[in-house]
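Please work from the sequences and hints to get the whole structure.
If you're matching them up, the sequences are chains L and U in order.
Positions 17 to 302 (this note's numbering) are the ones given, in order, by the first sequence.
Positions 121 to 463 (this note's numbering) are the ones given, in order, by the second sequence.
Everything labelled a hint here was simulated from the structure, so no lab data went into it.
All the pointers check out, no bait thrown in.
Derived BS3-like pairs (lysine-lysine); straight-line CA-CA distance at most 27 Å: (1) L:K192 x U:K193; (2) U:K157 x U:K334; (3) L:K161 x U:K193; (4) U:K184 x L:K159; (5) L:K265 x L:K291; (6) L:K159 x L:K192; (7) L:K192 x U:K184; (8) L:K159 x U:K193.
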Amino acid sequence: MGSEGTAGSGHIPNISLAERAYHIRRHALRMGEVQGQGYIAQALGAADLLAVSYFHALNYRPHEPEWEGRDRFCLSIGHYAIALYAALIEAGILPENEIDTYGGDDSRMPMSGMAAYTPGMEITGGSLGQGLTVALGMAMGLKHKRSAAFVFNLMSDGELDEGSTWETAMAAASHKLDNLICIVDVNNMQADGPSTLVSNFEPLGPKWEAFGWHMQRVDGNDIPAMAAAFDRAKALAEPRPRVIICDTKMGKGVGFLEERERNHFMRVEADEWAKAIAVLDAGRPA
Amino acid sequence: MPLDKYLPRQVKLGPNGERLMTSAMIASIAGPDQRTKPAPFGHALAALAESNPAIIGMTADLSKYTDLHVFAKAHPDRFYQMGMAEQVLMGAAAGMAREGFTVFATTYAVFASRRAYDFICMAIAEESLDVKIVCALPGLTTGYGPSHQATEDLAIFRGLPNMTIIDPCDALEIEQATAAIAAHRGPVYMRLLRGNVPLVLDEYGYTFELGKAKLLRDGPDALLISTGLMTMRALEAARALEKDRVKVGVLHVPTIKPFDEATILKEVNRIGRPVITLENHTIVGGLGEAVAGALMRSDTRPARFRQIALPDQFLDAGALPTLHDRYGISASEVVRRVKEWVR
Numbered sequence: 017m018g019s020e021g022t023a024g025s026g027h028i029p030n031i032s033l034a035e036r037a038y039h040i041r042r043h044a045l046r047m048g049e050v051q052g053q054g055y056i057a058q059a060l061g062a063a064d065l066l067a068v069s070y071f072h073a074l075n076y077r078p079h080e081p082e083w084e085g086r087d088r089f090c091l092s093i094g095h096y097a098i099a100l101y102a103a104l105i106e107a108g109i110l111p112e113n114e115i116d117t118y119g120g121d122d123s124r125m126p127m128s129g130m131a132a133y134t135p136g137m138e139i140t141g142g143s144l145g146q147g148l149t150v151a152l153g154m155a156m157g158l159k160h161k162r163s164a165a166f167v168f169n170l171m172s173d174g175e176l177d178e179g180s181t182w183e184t185a186m187a188a189a190s191h192k193l194d195n196l197i198c199i200v201d202v203n204n205m206q207a208d209g210p211s212t213l214v215s216n217f218e219p220l221g222p223k224w225e226a227f228g229w230h231m232q233r234v235d236g237n238d239i240p241a242m243a244a245a246f247d248r249a250k251a252l253a254e255p256r257p258r259v260i261i262c263d264t265k266m267g268k269g270v271g272f273l274e275e276r277e278r279n280h281f282m283r284v285e286a287d288e289w290a291k292a293i294a295v296l297d298a299g300r301p302a
Numbered sequence: 121m122p123l124d125k126y127l128p129r130q131v132k133l134g135p136n137g138e139r140l141m142t143s144a145m146i147a148s149i150a151g152p153d154q155r156t157k158p159a160p161f162g163h164a165l166a167a168l169a170e171s172n173p174a175i176i177g178m179t180a181d182l183s184k185y186t187d188l189h190v191f192a193k194a195h196p197d198r199f200y201q202m203g204m205a206e207q208v209l210m211g212a213a214a215g216m217a218r219e220g221f222t223v224f225a226t227t228y229a230v231f232a233s234r235r236a237y238d239f240i241c242m243a244i245a246e247e248s249l250d251v252k253i254v255c256a257l258p259g260l261t262t263g264y265g266p267s268h269q270a271t272e273d274l275a276i277f278r279g280l281p282n283m284t285i286i287d288p289c290d291a292l293e294i295e296q297a298t299a300a301i302a303a304h305r306g307p308v309y310m311r312l313l314r315g316n317v318p319l320v321l322d323e324y325g326y327t328f329e330l331g332k333a334k335l336l337r338d339g340p341d342a343l344l345i346s347t348g349l350m351t352m353r354a355l356e357a358a359r360a361l362e363k364d365r366v367k368v369g370v371l372h373v374p375t376i377k378p379f380d381e382a383t384i385l386k387e388v389n390r391i392g393r394p395v396i397t398l399e400n401h402t403i404v405g406g407l408g409e410a411v412a413g414a415l416m417r418s419d420t421r422p423a424r425f426r427q428i429a430l431p432d433q434f435l436d437a438g439a440l441p442t443l444h445d446r447y448g449i450s451a452s453e454v455v456r457r458v459k460e461w462v463r
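In structure tokens form, the structure reads like this:
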């Protein structure tokens with residue numbers, strides 16, 4: 017499992033997933049510091065699931081991002097781009113020395129993720145509820161080509177409000193897409209407040225099951241649990257799509273940001289970025 | 121607007137005492153004496169797919185109503201039924217195109233342009249993916265009312281960067297345009313006439329070329345610039361007008377985007393004559409305004425500029441011939457109005 021060939025970004029290969037997650041958080045905080053803002057709380061929350069995706073589950077070649085045999089990773093939530101850039105840097109697909117271009121003019125790392133801008137960015141996300149529809153088509157296309165590759169789609173709990181999510185859930189099961197793995201990041205926060213209060217999607221697992229999906233729900237900040245869930249999702253013999261619902265904590269890894277309220281687009285003061293990096297570094301995995 | 125719904129009505133009869141009925145959506149728009157060809161799009165696509173293994177057909181529960189069932193029968197392994205879910209249809213078409221396929225996605229024009237617009241915009245057009253959106257019931261081609269009358273689809277898609285837009289006239293053009301858009305890289309929106317489709321343009325030695333307007337007949341008294349099925353009406357009107365010694369030219373513009381401004385300006389400037397645009401579409405944002413914009417931008421002032429188009433309204437339900445007369449796009453109405461304007 018994991019990336020084919022060498023791990024990138026000058027990091028030592030075979031380091032732990034926890035260490036990968038730490039690096040992803042650190043890259044994201046450095047990008048946030050450059051821009052002075054960003055969806056940093058989501059990035060910190062999703063770092064563990066991205067570490068498991070890019071350093072345990074996904075098959076890819078860092079220096080050949082469009083390699084035909086790669087597993088596709090679709091970022092439906094375009095505003096999580098800061099998190100995916102951090103993972104792509106850690107994976108050696110994006111260069112670490114472009115971190116300070118994040119969100120700047122002519123950067124390869126714009127604020128919202130777009131396929132035309134960034135190596136490793138498979139789709140243009142941001143119009144929420146769309147990524148899964150495109151991932152569905154990619155999974156159909158791969159099957160049509162008799163490819164063994166998987167399509168992963170990362171979506172947020174807010175996107176559960178969109179009708180297209182459930183249309184796609186039905187279509188994917190109808191087409192028996194066992195090569196489609198949907199990751200739902202449930203951090204229970206969207207633009208107007210806690211997701212379950214904005215439009216209650218619970219009970220979530222039974223909904224996906226009722227639509228015909230193989231469902232697992234795990235602690236999205238428990239790396240071994242997630243690695244096992246991704247393994248099960250890939251190894252399963254059943255001819256149906258798989259969903260892994262990951263309950264994550266916004267701001268994970270930086271205590272004072274975990275505690276902060278109203279953190280969909282979290283306000284971080286100029287002097288807090290360095291503090292956040294220091295807190296993260298202090299908790300760096302052994 | 122419809123009449124007051126609390127007023128009682130009586131059966132309305134036609135000129136020969138016949139009942140005037142709304143035809144089924146699957147019915148042909150051909151007149152009783154018109155030559156037709158069955159399912160030109162479906163047969164053309166099925167034939168193209170023989171030599172092009174990248175072609176995929178997808179629909180949202182409307183294969184029979186978009187003639188895609190002909191393709192599905194010929195190539196069952198290359199046909200995908202997405203259910204009555206147009207957003208999924210367009211997103212999945214984008215994903216398939218990302219994997220290297222040339223995807224023909226079919227539905228009704230109302231559902232593509234209204235319900236699935238964001239998916240066409242962001243998943244397909246922004247990425248310039250190879251998806252051909254082929255849509256039945258363009259403009260006023262059903263009497264079912266606004267839920268199925270795509271009177272503003274051209275206006276909607278004209279605003280979309282990267283999108284090629286085709287409004288074909290007849291069966292011959294549908295066949296040729298299907299081949300042309302399959303060969304063209306990038307997203308396309310094509311309006312579709314389905315079922316037994318009138319065959320007209322073969323009499324004019326016509327060949328479809330993507331992005332090209334073509335003069336089908338010439339005349340000094342007016343220049344009719346038309347697209348889609350209104351070219352049929354323009355040609356029929358031109359023949360009728362000729363009997364009254366009014367000679368009009370007909371310039372057919374099947375590609376609405378990219379727009380062949382050069383040919384249009386050349387024809388408008390060649391002879392000073394009234395310019396009349398004809399489209400099966402609202403007067404807002406379609407062919408007429410595209411021509412007007414091209415004329416204004418080039419400081420070209422025709423002797424007169426008039427539009428034959430559908431009004432900026434939600435249209436009535438009813439029988440198509442009644443509605444085409446009511447809204448001024450039947451051949452007889454075209455003749456009447458052109459006569460007024462060339463006087």
